[in-house]
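Enquirer: Residue numbers (this note's numbering), protein chains in the order written: chain A, 62 to 243; chain B, 123 to 251.
Hints are computed from structural coordinates only; laboratory data are not their basis. None of the values given here were measured: they were computed from a predicted structure. Be aware that one or more of the hints could be misleading.
As the list claims (entries may be wrong) - Using 30 Å as the maximum straight-line C-alpha spacing, the simulated DSSO-like pairs for lysine-lysine come out as follows:
id, chain 1, residue 1, chain 2, residue 2
1, B, K244, A, K162
2, B, K243, A, K181
3, A, K136, A, K92
4, B, K168, B, K205
5, B, K210, B, K245
6, B, K245, A, K162
7, A, K136, A, K125
8, A, K162, A, K136
9, A, K185, B, K144
10, B, K245, A, K92
11, B, K199, B, K245
12, B, K236, B, K205
13, A, K162, B, K144
14, B, K178, A, K181
15, A, K162, B, K243
16, B, K199, A, K162
17, B, K210, A, K162
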Amino acid sequence: MDRDHFEVLGLARAYHVDAADMEARYLALQKETHPDRFAKALPRERMDAVVRNTELNDAYKVLKHDIKRAEYLLKLEGIDLGEEKPQPTTGATKQLVVDAKLLMEVMELREALAEARSDKDEPKVEALTEDVQVRRARALQIVDEGFTAYEKGDKSKLDAIARALVSLRYYARFMEEVEGKE
Amino acid sequence: MAYSEKVIEHYENPRNVGSLDKNAEDVGTGLVGAPACGDVMKLQIKVEGGIITDAKFKTFGCGSAIASSSLVTEWVKGMSVDKAMELKNSQIAEELNLPPVKIHCSVLAEDAIKAAIADYKKKQLTKGS
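One chain only, chain B, in its complex shape (with noise of 0.2 Å):
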């Protein structure tokens, strides 16, 4: 299948690959996978004063799930997390150029986001406690 160029181009320069300390308070962790592929993706986020101040992931999957959470972590960078939140599937696969075959690389980008920022959620009510 052909990959469109953004694809291409976030899957041999994967922005922000790696990973932040799970344990931090200000970190959210989203881990999310696809049975029906096989993909993995683990996407999470540094928040400071409710701004997502660093980003990073790390999938194992195809080019397109690379390239979608690779882009996520992109522009979610200096968003709030309540923008964050807004942020849709037909988005990326729009900026990516994602095939229809290909949509459901970025429905786990957007379940990785929403997962982390729930994880991140979650440890603020717990915090302290």
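Isolated chain A (complex conformation) (with noise of 0.2 Å):
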């Protein structure tokens, strides 16, 4: 019954899509689905409709999002990062284990930015972003690679693309932190 994201649009499972072919796929789904053509329509296929609507709609925020198609990915595979404004109800589901280098890495680079921000030494501030920067690309390498691997049918990669995806929402954190974000 329940159908995955993927299937919902009618895609394989892959984190390389083709993305005008997922939103022409999408809007299509869409105008099937949409509540006004169901006005009409016996109340039970109206639920279907809604029901419908929303899984489609539920399916492609996540997968127009490279990041989030990727960590959807990994869930499928058994790998869950967790959510990042975790439910009430998840405290026993089991977590990653944050590795203790980039737990390192990730406490030195704040450490310099908070010390860089109260020196004002703007320079400083931006030779740690553009150095974040490139981990960032760094990370985003292994994730494409990983999964070029993984849509050969190879799934050895998976652990190093859930670390790499780890590291990526830490360096997220740190942008955010640049930008003044909460």
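Hints in hand, dock the two standalone chains.
Expert: Structure (structure tokens):
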């Protein structure tokens, strides 16, 4: 009964997708399931359409976003990175253990940023930002290469992808801090 | 999300922010992170005769994570290592009135103090060898 997001959009499970094709599929299905079309339909049919429409929107929201799509694929493979906003009931779910090396790296970067900030050392803040961008690009490359292998049936890189995705979450937090977002 | 008064109080006046010498024999360091939210927390203790005489933390994360680690450093100072080992995240969550979605922040603080104690104990085992 429950279809995964890829099935909903009629796509194969893959990280590399044709964004234009995905959007076209989304728009076509959106039209097909739009509640307006079922205004005069039987209650049962109307309910079905609402369910399919919601399912479609949920799927597209995740799949159109590169990193969310990557995290979702891992989840389908049994590796859950956890919700960004954990639900109250998920307290018992196993959490991925963060690599000690990554934690040290992140702690050093965040301390350096805090220091540069308090010294009002703008060039240093910029240098750190560039540094993190480079790390980010490297992590994205690991994700890209890992999924290229995955799409050829080789699942050996999934752990490496998971680690890269976790580091991307930390780098995103760093960038938010630079941009002053809460 | 509305933070409780106690969280805000710790967030605005965090206790014991800073670092201890992580290479010192009498210092234990715990470094933990929550991949889900991208928080990172460092908690350090200085131990003399089985008693925690100083504690410092550095947390980069949300207000609840900062408050949880601040509270733990405050609590463990003057506590024996064995007693500190028994600290539960539920005590932290209760003291700070953490909402269910922020319970994981208190879990992180419990993990951090346990990791710091483990690091200290490991150092004592290898001491002088």
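Enquirer: Could you run down the list of hints and mark each one as holding or not?
Expert: Hint-by-hint comparison with the structure:
| no. | hint | result |
| --- | --- | --- |
| 1 | B:K244 <-> A:K162 | holds, 19 Å |
| 2 | B:K243 <-> A:K181 | violated, 39 Å |
| 3 | A:K136 <-> A:K92 | holds, 29 Å |
| 4 | B:K168 <-> B:K205 | holds, 15 Å |
| 5 | B:K210 <-> B:K245 | holds, 24 Å |
| 6 | B:K245 <-> A:K162 | holds, 19 Å |
| 7 | A:K136 <-> A:K125 | holds, 16 Å |
| 8 | A:K162 <-> A:K136 | holds, 24 Å |
| 9 | A:K185 <-> B:K144 | holds, 25 Å |
| 10 | B:K245 <-> A:K92 | violated, 65 Å |
| 11 | B:K199 <-> B:K245 | holds, 20 Å |
| 12 | B:K236 <-> B:K205 | holds, 11 Å |
| 13 | A:K162 <-> B:K144 | holds, 15 Å |
| 14 | B:K178 <-> A:K181 | holds, 25 Å |
| 15 | A:K162 <-> B:K243 | holds, 21 Å |
| 16 | B:K199 <-> A:K162 | holds, 28 Å |
| 17 | B:K210 <-> A:K162 | holds, 26 Å |
Hint compliance for this structure: hints 2, 10 are broken, all remaining hints hold.
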